[in-house]
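J.: Take a look at the letters that make up each chain.
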Amino acid sequence: MLYSEKVMDHFQNPRNVGKMEDADGIGEVGNARCGDIMRMYIKVREGCIADVSFITFGCGSAIATSSMATEMIKGKPLEEALTLSNKAVVEALDGLPANKIHCSVLAEQAVKAAIKDYYDKNGIPYDRELLCTGDCDACHMHHE
Amino acid sequence: MPRYIYADNAATTRTGEAAKAAMLHAMEQQWGNPSSLYTLGQYAKEGLEAARTAVAAVIGADAKEIIFTSGGSEADNQAIRSAAYAGAKKGKKHLISTAFEHHAVLHTLQTLEKEGFAVTLLDVHENGVVTAEDVAAALRPDTALVSVMAVNNEIGTVMPIEAIGSLCRERGVVFHTDAVQAVGHMPLDVHAMKIDMLSASAHKFGGPRGAGFLYVRRGVPVQPLIAGGAQERNLRAGTENLPAIAGMAAALQQAAEGMVAEAARLTAVRERLIAGLSAIPHSRLNGDRQQRNPGTVNFCFEGIEGESLLLLLDAAGIAASSGSACTSGSLDPSHVLLALGLPHEVAHGSLRLSPSAEITDDEVEHIIDSVGAIVARLRAMSPVWDALENGERPHLI
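Line by line, the protein sequences are chains L and U. Numbering of the first sequence is given in the working numbering, commencing with residue 1 and proceeding in unit increments. Numbering of the second sequence is given in the working numbering, commencing with residue 1001 and proceeding in unit increments.
For reference, chain U alone in the conformation it holds in the complex:
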């Protein structure tokens, strides 16, 4: 049996060595409260500000433009609410986003809708890519915010962030991007890409859980979600989680240094996975063939259900994920796959693989072989597959 192959890095990543060392250092040496005036507190404050400078540098921001949060979800919530309420003060109560955002964005928008905001969710087309033209067509005089994710977390498609950013800047609309799947994995420059607000999460790039950040361009209004202290320039109350923040900064620096090599390796892995899995009959690659990140491959296999596939893959030593209803925690399959226009029964049979760059060629082959064997095994006991093969039900893919 080969070693356990972790192919779910879009869910979370193993905490890296640099992050762990930085976290230990913060816990052992910088355990004072950064708000305290004595030396120990100020030493912690120095660690906090060094982390801020390091994080800012990776995305081309100024340290003063970074707010540390508990993660990507909090950053998304804060960005969207801030832009919505700032817009409302000027009579602008229209918000634009896409149908396949993370729920941290979608659920915040739903709440705002109940508060009287109008929300437009853009269609993401069959290929899972929103264009700047789509955004332009949806803009209204009262649009307060455009929020478009940089990389979709389930299918890995990459959005034209720079084009959308330029459009929004020209039209004077705040542009937020949920870049949780992009930061640390692809080059981002908030100035060149005309990004006003950007959300990131540490544990997607080798940092710890419980840390993230929100970039807010100087001059863009932002308000706190959590009241109770002057931390983060009055924008995020609560004693700073310095071990996690220091771990995030160290992980991000390491990720940025290794970004080019990681992308090259993962692109090769991705291409092999796509070629190997496409050979399975009635399979479908989800998301645009070209405009996608190096690290994510998402397939549907007709006639099977995703949870069964995941459990049998786990037994074969492979950790992956699926957008089936049984794994989504709800009764419907993934909203991302449905947004692509996939029928429910096809979306139930989905598989997401997001390996790390450490994966070996042998492990990639083991994944392809295992998926092929398991899909065949599940189809052999599937009444849906039986009906498809007998012509009682039309093949959809």
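Looking at chain L on its own, in the form it has when it is part of the complex:
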């Protein structure tokens, strides 16, 4: 098989999938030209991610990494969600093929972009170094 059982499970039965109408933060990363876009929605209560959902245009691993990332940050304090690494997502999925690692990077960036959007909307100061600025073109970053 191309993918692990866990990847296939999250691809075929994605968790937390769908748009969120009253989200507190929305992050979108990727590029349609390169074949993957992730959009992540978060609802924040008392500094924690009370709810999260995603929609993704992309391959099986793009959908699976989005799904896994939402599970890993749900209920977590924002500071902790910000530490989610693509490596942790890959490990939680029992690995990804080498040419699909960029999907996990997108998932990490989507989480950060959603939290940044929440901070920006609420005028909350943050360390810019910690956050993907959102304008780093994931496509060019990983495809060149």
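The reader is advised that the hints may include incorrect statements.
Calculated lysine to aspartate or glutamate pairs in the EDC-like style (CA-CA distance at most 20 Å, straight line) [claimed, not checked]:
1. L:Lys6 <-> U:Asp1314
2. L:Lys19 <-> U:Asp1314
3. L:Lys87 <-> L:Glu71
4. L:Lys19 <-> U:Asp1386
5. L:Lys6 <-> L:Glu21
6. L:Lys19 <-> L:Asp51
Honestly, the hints are just simulated from the structure, not real lab data. Quick caveat, the model's predicted, so the values are computed rather than measured.
Mind docking chain U on chain L? Use the hints.
T.: Here is chain U on its own, set in the frame of chain L:
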């Protein structure tokens, strides 16, 4: 759950019964080396030459004009290099081909370009068909070769091979066609079509992997790619793979006998697939509506990505393929779809179906229903589709 529906015959075909029987016979009875003088070797030699005669007959060639190769890629490599180097000896270093050839052709041309040849890749237009006029306009006094595929492997469009062949013959330019998707599926006559060189692959018509052939018209210069022996009249060294060659010949004979019936059945299947899939909103049939082979249907669906579609089709018991970047093994979507002028984001959402003539009507309906349901499911979770529907992004198809 219906039985697994294999709709990827443009990738490879199931080895047929006639081929398997011929392969077993070659392995059990003709296992000598055809180059050996004793009876067992000569028996193998007879099998080899019988296969050559059978293969030649199907395309209207003489047995002496057939070189057995390891497959279509090797045949393409040998044809193009032979014509290029023969041309260079006469000061002709210009090669013409098309932008959507198989990589066996394109990568060989790229290598030759680095060796100092000039290469013109013809535009294939939005409909995926190159015309003889396009070729005529690109011909130069120093053109050594025109190489145009007979049928495109991804979208199934059929090129006007006879018109291009006639033009090249008139202008004294060698004409090669990669006919990997055509041989065994449509009538080909190398003399009537004025073809100088033709590449074919056994596993595209019910033969085994690892066998193919190159037709080279008598008098057209050809040179070996592999040195080391006198096999194939010094044009392809290496002890002949007789089981695969015998299997190829048997498969091709069987394919030729069933060609008319296969084309009729597949044309009906194709028309139903095109009608059914066209009903999906924002879908697009790729390639000319008329000038196409019976066996290939290629669609793009806006707002989704091809690999996801393939994985979910597989789960629904359907084997198909896509030209998305994720399935092409590179970072760009299919060069064929890009050559048609499709934007990257549209090309990522492509699906190729190439069923066999054995497919049932129920299975065709199952494919149409499954594709419709899966496209809808993927669109429901696609930010691209969301943007298209909200008018934030213009529909491209």
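J.: Against each hint, give a clear statement of whether it holds in the structure.
T.: Each hint, compared with the structure:
With a CA separation close to 17 Å, the supplied pair Lys6 (chain L) and Asp1314 (chain U) stays within the 20 Å bound. For the hint pairing Lys19 (chain L) with Asp1314 (chain U), the CA-to-CA distance comes to about 27 Å; that exceeds 20 Å, so the pair is violated. Proximity of Lys87 (chain L) to Glu71 (chain L) is assessed by CA-CA distance (about 15 Å); at most 20 Å being required, the pair is judged to hold. Distance check on the hinted pair: Lys19 (chain L) and Asp1386 (chain U) sit about 9 Å apart at the alpha-carbon level, within 20 Å; holds.
Among the hinted pairs, Lys6 (chain L) with Glu21 (chain L) is inconsistent with the structure: their alpha-carbon atoms are about 29 Å apart, more than 20 Å. A threshold of 20 Å between alpha carbons decides the hint, and for Lys19 (chain L) with Asp51 (chain L) the separation of about 12 Å falls inside it, so the pair holds.
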